[in-house]
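Each of the two chains sits in its own frame; use the hints to bring them together as a complex.
Here the protein sequences come in this chain order: R and D.
Its first residue numbered 65, the first sequence is counted upward by one per residue in the working numbering.
Its first residue numbered 494, the second sequence is counted upward by one per residue in the working numbering.
The set of hints was computed from the structure by calculation and includes no laboratory data.
No experiment lies behind these values; they were computed from the predicted model shown.
A few of these clues could be false.
Stated by the list, open to error - Lysine-lysine pairs mimicking DSS-like chemistry, simulated, CA-CA at most 30 angstroms apart:
#1 R:K182 - D:K502
#2 D:K543 - R:K229
#3 R:K182 - D:K766
Stated by the list, open to error - Short derived list, chain D residues pointing at chain R, Cβ under 8 angstroms:
#4 K502
#5 A513
#6 F517
#7 I535
#8 I602
#9 L608
#10 M611
#11 M638
#12 F723
#13 W731
#14 F750
#15 Q753
The beta carbon of each residue, even a glycine, is placed where N, CA and C say it ideally should be.
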Amino acid sequence: MGWAAAGLRGLAAARPHPGDDVKRRNEHLIFIAPALVALALVVIFPTIFLYYVSLTNYSLTSGWEAKRFIGLENYFFLLFKDPLFWKSLWLTLLFVLTTVSTELVLGMLIALGLGRLKLSRRLILAIIIIPMVCTPSIIGLMWKLILNTEYGVANYLLGLAGLGKVNWLGVQSAFTSVVLVDLWQWTPFMVLMLHAALTSLPLEPFEAARMDGANAFQTFFGITLPMISRLVLIALILRLIDSIKVFDIIYSLTLGGPGTATELLSLRIYRIGFQHSNMVGRASAYAVIMILAISPFFTRLSGLLNRNAK
Amino acid sequence: MTLRNKLGKAVVGLLMGCYALLCFFPFFWMILTSLKERVDVINPAVWTFKPILDNYIDVFTKRNLPLNLLNSVIVVSTTVAASVLLGTMAAYGFARFEFKKKESLAFWILSLRMLPPMAVVISFFILGRMLRVLDKQLYLSVIYMSFNIPFAIWMMRGYIEDIPKELEESAWLDGCSRMRGLFSVVIPLVSPGLIATAIFCVIQSWNEFTLAFFLTSFRAKTVPTIVTEFLSVTGVLWGEMSAVGVVAILPILIFAFLIQKQLIRGMTFGAMKE
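Chain D extracted, bound-state conformation (with noise of 0.2 angstroms):
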C-alpha cells in the first residue's frame, strides 16, 4: 500500500513537472532562437552553442525597438496612473456609500471590461480619425482607461471593503473631510492591493495588441504590434523577433511573479480571494 501510494505520489509528480516545462518551454525557446546565430536559428537540432548578443545588437540599432518601448511605456504609465486615480475614488464610492441601483451600476461598470476590443476598436478607429488623434500616445493611453478604469473600480472596491470603516470615523471626527479621509486614511491602508491592481494595468495595458494594432501606425507604435512588421517580411527573421519577444516578455514577468498571490484575484474580478 506505502510503495503503491510513493509510485503513485512520483508519477503525478512527475505530470506535472512535465506539464510546467510545456508552460514554460515556448518562452524558453525564444530565448534559446534570440541568443542564437541565423543559421542555427532555423536548425531545431541545436540547443547547445555559443551565444551571441547579434540579435539583441540588432533589434535595438537597426529596428525601431527604443521608439516602441518608449512609446508602450509612455502609454502604460500614464493610463495606468490615471486609471488608478479615478478607479480608486470610484470604489471608495462604492465601497462607503449607498445609494439606488449601487450593484446593478456597479455590474453594468464591470461590463464595459468584458466588451470584445475587436468591436469597440472599429469606433475608436472612426472617431479618431475624424479628430485627427491616430497615432498619439494620448489616444491609446486614454482609450485604455476603457478596461483599466472598470477594472481598478472592481478591485479596489474589494480591498477597501476589507478595511473597517471605523479607522476612517475617527479621523472624520478630528474634522477630515471624506475626500481627504480617503487619501490620508484609506488609500495608505489599501496600499499593498492598491500596487496589486496598478501591476494588473499595467500587465494589460503592456500586452494590449488589437487597440494599439489599429491606433498606432508608426510615431506611437507599441511593443506588442511589432509582430506586424515580421509578419509582413518573406521569411521571419526569428532571431531578431525573438530578441524583441524577451525584451518586451521579461519585464511583465517579473512584475507578474510580484503580484503572483493576488494574481487570481484579479483575474476573477475578486471572486476568489487569496
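The following block holds chain R by itself, in its conformation from the complex (with noise of 0.2 angstroms):
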C-alpha cells in the first residue's frame, strides 16, 4: 500500500500553511485538484484494487461474484509453491543486470566516439533515435523475422562473412536474443543522454588536466565521470524501472518461450492471469510484488531528481 498511502498523505499535506487567508492558500488546489481527481480515478483507485484482488481467488472463468477472499494465499503460492516464478523473478533480475550495464557501457563508448566527429554526430544523432520510438510491439514481430533461423536476414549475413546459422530464438539462445534486442533498442537512450551529459561540461578542468599531462583513462575517471555522476545514476535507474517492467518486445519475439525461456516477470503475470490458466487473483498478487521490486528505485531518483537539491 506504500504508494496509495504516500499519496493520502501528500494529500493531507497539501493544507494550506497557516496564516495565509482563505482563498490564497487554497488557490492551488484550483490548479492541481482536477489532475488529482483524475489520476486518483485512473491509477490510485485502481492500484489500491489491485491490492484487494490480489487477496482473493478470482478467476476470469468463474467470474466476479464467484471470488472469495483468501488472505496471503496467493503470496504462498507464489514464493513456496510456484518454481516457475523465482524463475521468472531471476530471469528479469539477469535481464535487468546484463541489459542495464551493457546499455551503460556500450553508450559510454559511443558517447566518447561520438564526441570526436565533427559533420557526421547530427546525423547520427538523428538516426539513434529510430529504435527509441518505433512501436515495440510491431518491431518485435520485426526481428522476430530477421532472427529467423531458415529465412531470417541475420543468418544470411552471418552466411556471407562464413558463419554457421545460429538458431536465435531457440532455447539456448532465446535469451540471449531478447537481450540483444534490448540493447539495439534503449542503448540510444544512454548515447543521447552521455552525449548531452559530455556537451554540457566546462572545458577548464580538462585543460588543467592536460597541463598536468593527465593520460586519457585518468582524465575519463578522475574529472569525467565524477562530473557527470549524477546524470549516469539517473539514466541507470530510468533504465532499471523500464527494464523490470519490459513487456511488449518480449511478447511479440517470443511469448516468453520457448517453454520458458524468456519468460520475465510480467509475461509470468500474463500467463498466470490471462493466458493458460485465467487466475487473476494470483496473477494479482505476481504484479503487487512487481511493483514492490520497483518502488526502491524509484526512491532512489526522487532523491536525484529533487529541484532543491540542485
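What follows is the structure, encoded as C-alpha cells:
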C-alpha cells in the first residue's frame, strides 16, 4: 500500500500554511485538483483495487461473484509452490543487470566516440532515435523475422561472413536474443543522455588535467565520470525501472518461450492471469510483487531529481 | 602523430557509422519487406527488386487497418488533449505556488508514471468488465491519462519555471486573474515546450501495447495490437505485417524528429535540459 498511502499523506499535507487568508492559501488547489482527481480515479483507485484482488481467488472462468477472500494464500503460493515464479524473478534480474550495464558501457563508448566526430555527429544522433520510438510490439515482430533461423536476414549475413546459422530464438539462445534486441532498442537512450552530459561539461578542468600530463584514462575516471555521475545515476535508474517492466517487445518476439526460456516477470503475470489458467487473483499477487520490486528505485530517483538539491 | 590521429578518427567514424546503420537496419528491412512479393519475403538474399504496393493495398482493403488507425487517432488525440490541459494547469500550481510537502507530492505523481502497465492493467480489466466499458476507445483514452498526466505535469512544470514570473505579474496588475494569466500569458510563452510535451504524449500513447491489448478486442483495437493477429496465424504474413509496421511507425518517426532537441529532456523527465 506504500504508494497509495504516500499519496494520501501528500494530499493531506497539501493543506495551507497557517495565517494566509483562505482564498490565497487554497489557490494552488484550483490548478492541481482536476489532475489529482483524474489521477485518483485512473491510477490510485485501480492500484488499491489490485492489492485487494491479490487477496482473492478471482478467476476469469468463475466470475467476479464467485470469488472468495483468501488472505495471503496467493502470496504463499508464489513464494513456496511456484518454482516458475522464482525462475521468472531470476530471469528478470538477469535481464535487467545484463541489459542496463551493457547499455551503460556501450552508450558511454559511443557517446565518447561521437564527441570526436564533427559533421556526421548530428546525422548519427538523429538516426539513433529510431529504435527508441518504433512501436515496440511491431518492431519485436520484425526482429522475429530478422532472426528467423531459415529465412532471417541475420543468418543470411552471418552466412556471407562465412559463419554458421544460429538458432536465435531456440531454447539455448532466445534469452540472449531478447537481451540483444533490448540493447538495440535502448542503448541509444544512454548514448543521447551521455552525449548531452558530456557536451555540457566546462572545458577548464580538462585543460588543467592536460597541463598536468594526465592520460585519457585518468582524465575520464578522475574528471569526466565524477562530473556526470548524477546524470549517469538517473539514466541507470530510469533504465532499471523500464527494464523491470518490459513486456511488449518480448511478447511479440518470443511470447515468453520457447517453454519458459524468456518468461520474465511481466510475461509470467500474463500467462498466469490470462493465457493459461485465468487465475487473475494469483496474477495480481505477482503484479504487487513487481510494484514492490520497482519502488526502492523510485525512492532513489526522487532524491536525484529533487529540484531543491540542485 | 597527425597520421595516427587521422587514422584514429577514421576508425571512430567508421564504427559510429556502423552503429547508426545497425540502429536503422530493422526499420529499413521492414520497408524492404513491405515492398516485396510474397515469394521474395522469405528470401533474405533479395535486396534489389521491382517494388510492389500489393501489401499496402491488402492491409488497407482486406484487413481492419483503417479502423485500427482511426481508433488510434481517436484514443491518442483525446487522451493527449485532456492530459496536456490538466497537466499544464497542475504544473502551473506546482511551479508558481508554495505549499507544504510540495516536492513529495510532485515525486509521488511522477512515480505513477512508472507503475508497470502489466500490473495496473489487471485492475483496469476487471473494472472495465464490471462497468461494461471494455473495447471502447474512450475507456482506453481515459486509462492512458494515467501515464500522460504525470508526464505532462512533470515536463510542463520545468517549462513554466523557466518563464520569469514578472511577465505574469504585470498582467495581474491589469486585473487579470491567475487562471486568465495562465492561459493568456504563460501558455503562449511556453508553447514550444507544450508542443514538445504533447508530441511526447502522442508517441507514448501511439506505441502503447500492453493496456490496449487487454482492454480492447475488436471495435476499439489500436494499431500496436495488430501484431496479435499476425502471431496467431501459422506462418506470419511478413509482407503485410511490414506494411502495417511502416504505416504505424512512419508518422511517429516524423513526430520524433520534430522534437529531437527536447527528446532527452522528455525521456529523463527534465533532469537533462536541452
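Hints, verified against the model:
Taking the CA atoms of R:K182 and D:K502, the gap is near 10 angstroms; set against the 30 angstroms cutoff, the hint holds. For the suggested pair D:K543 and R:K229, the alpha carbons sit about 29 angstroms apart, so the restraint of at most 30 angstroms is met. Proposed proximity of R:K182 and D:K766 is supported: the alpha carbons are some 22 angstroms apart, at most 30 angstroms. Of the supplied interface hints, the one on D:K502 holds, with its beta-carbon coming within about 6 angstroms of a beta-carbon of chain R, less than 8 angstroms.
Because the beta carbon of D:A513 sits about 4 angstroms from the nearest beta carbon in chain R, less than 8 angstroms, this interface hint is met. With a cut of 8 angstroms, the hint placing D:F517 at the interface with chain R holds, because the nearest CB-to-CB distance is about 5 angstroms. Evaluation of the D:I535 hint against chain R yields a held restraint, the C-beta minimum of about 4 angstroms falling below 8 angstroms. For the restraint placing D:I602 at the interface with chain R, the shortest Cβ-Cβ distance is roughly 7 angstroms, inside the 8 angstroms limit, so the hint holds.
With a least beta-carbon distance of about 7 angstroms to chain R, the hint placing D:L608 at the interface is held under the 8 angstroms criterion. Taking 8 angstroms as the C-beta cut-off, the interface hint given for D:M611 holds, the closest approach to chain R being about 4 angstroms. For D:M638, the shortest C-beta to C-beta distance to chain R is roughly 5 angstroms, which falls under 8 angstroms, so the interface hint holds. Hint status for D:F723: holds, given a least beta-carbon distance of 6 angstroms to chain R, under 8 angstroms.
For D:W731, the interface hint holds, since its Cβ comes within 8 angstroms of a Cβ in chain R; the closest pair sits about 5 angstroms apart. A cut of 8 angstroms between beta carbons decides the hint on D:F750: the least distance to chain R is about 7 angstroms, and the hint holds. A distance limit of 8 angstroms between C-beta atoms decides the matter here; for D:Q753 the minimum to chain R is near 6 angstroms, and the interface restraint holds.
In this structure, none of the earlier numbered hints is contradicted; all agree with it.
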